[in-house]
Amino acid sequence: MKTILISAFVVVTATAAFSENQVATLRGKAPLAETYTAPTFPKVDNSDVRQVRNYPEQPPVIPHKIDGYQIDTKFNKCLDCHSRTAIEVSQAPMVSITHFMDRDSQFLASVSPRRYFCTQCHVPQAEGQPLLENTFVDVDQVLDYIKSNEGGGQ
Amino acid sequence: MRRLLSRMWWLLSKPATHLSLGFLTLGGFIMGVIFWGGFNTALELTNTEEFCTGCHEMRDNVFVELQSTVHYSNASGVRATCPDCHVPHAWSSKIARKMAASKEVYGKIFGTISTREKFEAKRLDLAQHEWARFEANDSLECRNCHSSESMDVTLQSKRASEAHERFLLTGEKTCISCHKGIAHELPDMSGAQEDHAQNSAVLQSYLKELEN
Chain A
1 MKTILISAFV
11 VVTATAAFSE
21 NQVATLRGKA
31 PLAETYTAPT
41 FPKVDNSDVR
51 QVRNYPEQPP
61 VIPHKIDGYQ
71 IDTKFNKCLD
81 CHSRTAIEVS
91 QAPMVSITHF
101 MDRDSQFLAS
111 VSPRRYFCTQ
121 CHVPQAEGQP
131 LLENTFVDVD
141 QVLDYIKSNE
151 GGGQ
Chain B
1 MRRLLSRMWW
11 LLSKPATHLS
21 LGFLTLGGFI
31 MGVIFWGGFN
41 TALELTNTEE
51 FCTGCHEMRD
61 NVFVELQSTV
71 HYSNASGVRA
81 TCPDCHVPHA
91 WSSKIARKMA
101 ASKEVYGKIF
111 GTISTREKFE
121 AKRLDLAQHE
131 WARFEANDSL
141 ECRNCHSSES
151 MDVTLQSKRA
161 SEAHERFLLT
171 GEKTCISCHK
181 GIAHELPDMS
191 GAQEDHAQNS
201 AVLQSYLKEL
211 EN
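Read top to bottom, the protein sequences are chains A and B.
Throughout the first sequence, residue numbering follows full-length UniProt numbering, covering 1 to 154 in sequence.
Throughout the second sequence, residue numbering follows full-length UniProt numbering, covering 1 to 212 in sequence.
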């Protein structure tokens, strides 16, 4: 049942995207047989200014470039600066304690394997045009809205 | 045969009665130039990236890794080749490095690193050699291109300028202390961290004490 529902949802949204002539693929609107000039790579933010987190559980975005940083079984460049012992030299924020927890919330002595591949969750930012309009609303705004409408809140 | 050889020796050892001293010195000088030039040319020939990547050990391992880094391809099109980072410019240190490199050729002939696996197994050793060399010469090869005097830290990112101001300009550290792996993939570093090795040594002696 669930799969049927999901596929129905996919079909509906996909047709909606096409019928409104919106951007449906990364290729843009170029016909299949034509070669489309790719947009230039946007510059990655390297401002070193830490960004707002949109909700408390969000993995913070990376405010610096990470070109060529090696992350594999042999070496993790991120931990060269973000590990517990590295931060005095690097003055980077330490990976938080959640990075030492295994799936049973036990604290390990070093970064947990499931948090080893940093770029699974943390990504640098670039000034790009969003493909679709984003209607995200910050939770503080939701709270404000509720407060002003119901007088309650919290 | 023996007669021929002894006759040739007699000819060669005979003082030159028919040649003028001028001719001899000039000839010697010219031959010197030719041999010296030939030596240096041969030296220069081995000092190119084509030579360095001529054997598959280098081509398939470190060279492919270099190709995705800034030192191979960047906006300004200025690049670093293998000898730029691995061979000193001053003549005496160059010869010294070449002598050491002969050992590497020996390694090639006897297949010390003939496969990726063997290369990876030997890699930490090789890398530590290079790091020691850079630490000892204050990263001379890097500084042949990058000079800390011409480095305008105000134009750098905050991360870079703070690190350089605190540790580079004060002379506390040198390029390679922070920029390991700038041109190639790093080997398994778990065995390379000094403080780890030190800590485990301390731990081990403590455990021994407990046992007694």
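Treat each hint with caution, since some may be false.
SDA-like cross-link-like pairs, simulated, lysine to any residue; straight-line CA separation at most 25 angstroms [unchecked claim]: (1) A:Lys74 x B:Lys158; (2) B:Lys118 x B:Leu26; (3) B:Lys158 x A:Glu150.
With beta-carbon atoms standing in for the labels, derived distance ranges [to be verified]: (4) B:Gln204 x A:Asp102: 53 to 61 angstroms; (5) B:Asn212 x A:Leu108: 27 to 35 angstroms; (6) B:Glu135 x A:Ala33: 53 to 61 angstroms.
Hint data in this document are derived by calculation from the structure and do not stem from the laboratory.
Keep in mind the model is a prediction, meaning the values are calculated, not measured.
Just so it is clear, CB atoms sit at the ideal spot from N, CA and C, and this is done for glycine as well.
Status of the hints after comparison with the structure:
Restraint check for Lys74 of chain A and Lys158 of chain B: the C-alpha separation of about 28 angstroms exceeds 25 angstroms, so the hint is violated. The suggested pairing of Lys118 of chain B with Leu26 of chain B is violated, with an alpha-carbon distance near 53 angstroms, which exceeds 25 angstroms. As the CA atoms of Lys158 of chain B and Glu150 of chain A are separated by approximately 46 angstroms, the hinted pair breaks the 25 angstroms bound. Gln204 of chain B and Asp102 of chain A have their C-beta atoms about 27 angstroms apart, which leaves the hinted 53 to 61 angstroms range violated.
For the pair Asn212 of chain B and Leu108 of chain A, the supplied restraint of 27 to 35 angstroms holds, since their beta-carbon distance comes to about 31 angstroms. With their beta carbons about 58 angstroms apart, Glu135 of chain B and Ala33 of chain A fall inside the hinted range of 53 to 61 angstroms.
The structure shown violates the earlier hints numbered 1, 2, 3, 4.
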